[in-house]
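Participant: Take these sequences, add in the hints, and give me the full structure.
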Amino acid sequence: MKWMRTGILAVGLIFTASCSPLQPVKNDVIRTYALQAHFQNVSAAPSGTPVLLVTRSRAHPGFESSRMAYVRKSHELEYFSRNQWVDTPEKMLAPLLVQALEASGAFSAVSLASGGITAQLRLDSEIVRLQQEFTSAPSQVRFTLRAQLIDVAGRRILATREFDITENAASDDPYGGVVAANRAVHRALSEAAGFFAAQARDFKP
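If you read the sequence shown in the working numbering, its first letter stands for residue 18, the second for the next number, and so on.
Worth flagging that the hints you see were computed from the coordinates, not collected in a lab. In this text, all values refer to a predicted model and were calculated from it rather than measured experimentally. Incorrect hints may have been included.
Below are the EDC-like pairs computed for lysine to aspartate or glutamate, each with C-alpha atoms no more than 20 angstroms apart in a straight line [said to hold, decoys possible]:
#1 Lys90 with Asp190
#2 Lys108 with Asp141
#3 Lys221 with Asp168
#4 Lys90 with Asp189
#5 Lys108 with Glu81
#6 Lys108 with Glu143
#7 Lys108 with Glu119
#8 Lys90 with Asp141
Facilitator: Listed below in structure tokens is the structure:
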């Protein structure tokens, strides 16, 4: 009977351990995050300033989906399995770019290209990279945006520039990367708006 009591005790310990709240619980919840930014209006646009169309951004290969990219070594992209963007970065970026350019006060109107309005200028952009880099401590988010301003009627490129921003993450996890990504996007779009606003002020149709 002693061996039976020992066996029952062993089974009971195994069962208790398997039900312990200290055991890791499998969590398959997918967490989604957004790119968001707020821009302070500089001034109202004076009369006679051009209308600007903003086309939807394109994304380089590897950054065109809602997957959140990270890097642990050069040239190799990986993706978080349970963390993702609520939409593709290029779809989230376009309205933010419109807001940033509106706030610059250099355009009489700024609209997404799907709005069907007539404009003198057009801004095309592409996301070169948006990734969290674990190649140093703390990890960093790198966001690179390339954009060009086009004279619609003249069919000529007025200006092209690449905005490359790096922001440290407060924590080495996806959420820390999201917060850093939002800061990087805000900085890049603020710089882009300032640069292209200056170009627009010198524009003569």
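Participant: Compare the structure with each hint and give your call.
Facilitator: The hints, checked one at a time:
1. Lys90 with Asp190: holds (16 angstroms)
2. Lys108 with Asp141: holds (13 angstroms)
3. Lys221 with Asp168: holds (9 angstroms)
4. Lys90 with Asp189: Cα-Cα ~15 angstroms, so holds.
5. Lys108 with Glu81: The given pair, whose Cα atoms are some 10 angstroms apart, holds under the 20 angstroms limit.
6. Lys108 with Glu143: Given that 20 angstroms is the threshold and the Cα spacing comes to 11 angstroms, the pair holds.
7. Lys108 with Glu119: holds (18 angstroms)
8. Lys90 with Asp141: Status violated; Cα separation ~31 angstroms.
Hint 8 from the list above is the single one not met by this structure.
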